[in-house]
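Student: Sequence:
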Amino acid sequence: MPLTKVKPITILMADDDEDDRLLTQDALAESRVLNELFFVEDGVELLEYLERKGKFSEKESSPRPGLILLDLNMPRMDGREALQAIKANPSLKGIPVVILTTSKQEEDMVKGYDLGAASYITKPVTFEGLVELMKTLGKYWVEFVELPTSLND
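Sequential numbering of the sequence shown, starting at 1, is according to full-length UniProt numbering.
If you're looking for bench data, these hints aren't it; they were derived computationally from the structure.
Treat the hints loosely; a few may be bogus.
[Said to hold, decoys possible] Straight-line C-alpha distance at most 30 Å; calculated DSBU-like pairs for lysine-lysine:
hint : residue 1 : residue 2
1    : Lys59     : Lys135
2    : Lys135    : Lys111
3    : Lys93     : Lys111
Here the structure is a predicted model, which means the values were calculated and not measured.
All chains, please: the whole structure from these sequences, using the hints.
Tutor: Written out as structure tokens, the structure is:
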């Protein structure tokens with residue numbers, strides 16, 4: 001039975017590591033998942049993007065994401081603080097946040113879920129693993145998960 005709902009979503013990745021951002025972009029392209037991918041470098045930029053402040057004020061250049069990929073260890077405002085702020089904001093709390101980090105600490109995992117993360121994923125160590133992860137994330141969030149249309153405002 002073919003799935004009829006294949007509507008690309010906007011993915012916003014918050015990660016301070018330029019190599020990780022570039023690898024993720026390449027892996028998404030390699031996975032042939034047709035999603036738009038935008039980047040911010042820390043929690044402060046993440047919130048500015050989501051609230052359309054400063055350089056992110058234009059809706060066309062900073063569309064509302066259907067999914068946030070969040071690193072935990074970033075300067076200025078780390079992922080934990082950013083996640084807490086997102087989930088405390090009524091207009092943002094419905095956006096699914098997937099923690100994508102190098103941390104394998106149990107306490108980070110527990111705190112992430114307590115703060116409202118949809119998933120906690122440890123970054124793959126190989127490019128092939130990252131491609132497979134992007135395929136799986138794309139398939140899951142685009143083909144299977146149903147998000148309210150109000151999230152696209």
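Student: Hint by hint, note whether the structure agrees.
Tutor: Consistency of the hints with the structure:
| no. | hint | result |
| --- | --- | --- |
| 1 | Lys59 x Lys135 | holds, 27 Å |
| 2 | Lys135 x Lys111 | holds, 27 Å |
| 3 | Lys93 x Lys111 | holds, 16 Å |
In summary, the structure agrees with every hint in the numbered list given earlier.
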